[in-house]
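J.: These protein sequences, in sequence, are chains Y and H. So in the UniProt record's numbering, spot 281 of the first sequence is number 281, and the numbers just go up one at a time. So in the UniProt record's numbering, spot 55 of the second sequence is number 55, and the numbers just go up one at a time.
Check the hints yourself; a few may be wrong.
The list cannot tell twin chains apart, which means a pair is met if one copy fits it or any two copies do.
[What the hints assert, rightly or not] List time: in silico DSS-like cross-link candidates among lysine-lysine, alpha-carbon distance up to 30 Å: (1) Lys309 - Lys32; (2) Lys32 - Lys368; (3) Lys108 - Lys214; (4) Lys160 - Lys214; (5) Lys108 - Lys32; (6) Lys32 - Lys346; (7) Lys141 - Lys160; (8) Lys309 - Lys108.
Calculated directly from the structure, the hints in this document are not laboratory data. Fair warning: this is a prediction, and the values are worked out from it, not measured in the lab.
2 protein chains.
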Amino acid sequence: MEESQRQLLQRSRLRLVQELQVAPLWDLLLHKGIFTQDMIDEIQRAGTRRDQARQLVTDLQTRGRQAFPAFVSSLQETAQNDLAALLSDGCKPPLLRPLDIKPIYILKTDPCGYCLIINNVNFSQGSDLSLRAGSDVDCEKLERRFRLLCFEVLTQRDLKAQEIDQELQSLARRDHSALDCCLVVILSHGCQTSHIQFPGSIYGTDGRRIAVEKIVNYFNGSQCPSLRGKPKLFFIQACGGEQKDRGFEVDSDSPVNEAHSGNLESDALPFQIRSGEMDEPDAVASLPTPSDILVSYSTFPGFVSWRDKKRGSWYVETLDSVLDQYAHSEDLQIMLLRVAHAVSAKGIFKQMPGCFNSLRKQFFFKTK
Amino acid sequence: MEESQRQLLQRSRLRLVQELQVAPLWDLLLHKGIFTQDMIDEIQRAGTRRDQARQLVTDLQTRGRQAFPAFVSSLQETAQNDLAALLSDGCKPPLLRPLDIKPIYILKTDPCGYCLIINNVNFSQGSDLSLRAGSDVDCEKLERRFRLLCFEVLTQRDLKAQEIDQELQSLARRDHSALDCCLVVILSHGCQTSHIQFPGSIYGTDGRRIAVEKIVNYFNGSQCPSLRGKPKLFFIQACGGEQKDRGFEVDSDSPVNEAHSGNLESDALPFQIRSGEMDEPDAVASLPTPSDILVSYSTFPGFVSWRDKKRGSWYVETLDSVLDQYAHSEDLQIMLLRVAHAVSAKGIFKQMPGCFNSLRKQFFFKTK
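With the rest of the complex left out, here is chain Y:
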């Protein structure tokens, strides 16, 4: 590194320590050959984000001629444009073409966004829907997890369909200007419904249902402008339908997870879906620009989702473990592949998570 670049880094040190988002940089700096994984592990062990930023600025100066321009271009690629501009006197970074940029959502704020968890456990007698034992385990896990991932967590338990609706609308109406993303988790019974964009419906405790499509669209660009261009994530732990045993028919050699079977329940409806009963035929007219949305389903539309009365649902248990192990280093889509891989391996395809998205960038959680 040239002496002038080193001095520029030193002069910018304070702002870098304050503002630098390190998490999205590791992958880029690895791929550009500036650091090895061992070196990055070492920097990550420095402590908090600020400590890591300080260490990164120090170590960078020992990494050869390419280190400075590679760092500046990584800042550009991760949309840290102010910091890139601060350092750009020190090199002539080549103009990046749109396709050259590895697109990454940047989470700068703390908290990075709201996380609303709706946890439906007890359903009204008339609803024919059973107690969702184990759901509180899921809920507590996710509250803890998403707090660690810098979300402001809001939890609601046992809501009727209309209350769910109100809760979501109220969240969508908040001002998210000072936040970088938004997350909604629904833990409930569900069923399949035919829709234009996002499939499935979830149940209120009164047995009335609300379409996932409707939930998602409260947060789109036109209904929730302060989240425009920001990632909106939805995690749905609910049944996609009543096709419980299909996986076994197809893969009859798949072992049943005997150890759990005594405690296993499904989030399916115990009766047939009322076919022909369509939700929100007018939803089409109000569908607006649907970008930056990811909906992760615990199970694929049309299939059941399994829950252990003591340990909680397969999906949430796996999601929580994967986030624990990999949120500091991997992007959300790769982590969801890990979840799908692990959940589907339980009794081979008995449950198959799915994911529908209109994301434009990689999403890395913010880790403390």
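We have chain Y; now place chain H onto it with these hints.
T.: For chain H alone, coordinates are given in the frame of chain Y:
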């Protein structure tokens, strides 16, 4: 590296050169700190897959004590178990727990699978659907691209709905046992339809439509057992609906791409959708285990998709460029984020690609 490990590598050299799938390894070897990106670039420049494998085995021996066990565990993580077993005498690799494995689909065969491209350009007079000028450009690009990516490409032009149906069924009925994946590309007009799993329909040249859900499900685990557990990829360049100008309403400051506007057409229907007209109400009963499927839509359900009469569609042009630049190093989901990012940036959210998937692993194309 210990001398015994070096000798074992030398003894296994012939099989490694013949069988080693190098593409999925780069990322892992980078992250494990065995090679820097520069070193990997150098190995990739060695030439064909075989040449790269040979170079990798040579260079590995110079990379320190961790190189051998890291290489063996990378073989395990990429499901190259035979090769891992071949080398496992040389180290005691720790038993990996399911969540520790980075799941990756392995493409070993050459060709790796069929790629069927259905290219509808001319529509019958009664259909009210216009000539899709520029679609042949798309088709030729993708034929060339997917041949380079080791697919056996089959192309069909101007098919009626029933012919599309027959073509897909005939592809699904083939024996894919000796192949590792399957790819279907549809270039046509499209419209939105309400469905349980995958949204949208595409048009035959006779103006009759066929649901994307139906297309996808010909290839699922029960209807096409020889593709069970293997990735099935669908790329749909067609309209998701007639909501052409919504993006502008939402982001009224977005610039129109004037240079193109004279040649721009949409793959939308020029008239209102026939609401209430539902496809395949019986599809539900026949939906089977829906794993390992990815459907990439040129545009989000409900929205139009843009095509330039001379350069072809925005989506295919971008997809082809991204595959050209990144297929050798990045997995499909990250590349699709790049496509979404670039396409949505054309006139900001005028067109928003989307992706629905039940993949369980990362997908890396096989490069020659």
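J.: Against this structure, judge whether each hint is valid.
T.: Here is how each hint holds up against the structure:
{"no.": "1", "hint": "Lys309 - Lys32", "result": "neither (47 Å within a copy, 38 Å between copies)"}
{"no.": "2", "hint": "Lys32 - Lys368", "result": "both (25 Å within a copy, 23 Å between copies)"}
{"no.": "3", "hint": "Lys108 - Lys214", "result": "within (29 Å within a copy, 43 Å between copies)"}
{"no.": "4", "hint": "Lys160 - Lys214", "result": "within (15 Å within a copy, 35 Å between copies)"}
{"no.": "5", "hint": "Lys108 - Lys32", "result": "both (23 Å within a copy, 28 Å between copies)"}
{"no.": "6", "hint": "Lys32 - Lys346", "result": "between (38 Å within a copy, 28 Å between copies)"}
{"no.": "7", "hint": "Lys141 - Lys160", "result": "within (23 Å within a copy, 52 Å between copies)"}
{"no.": "8", "hint": "Lys309 - Lys108", "result": "neither (38 Å within a copy, 42 Å between copies)"}
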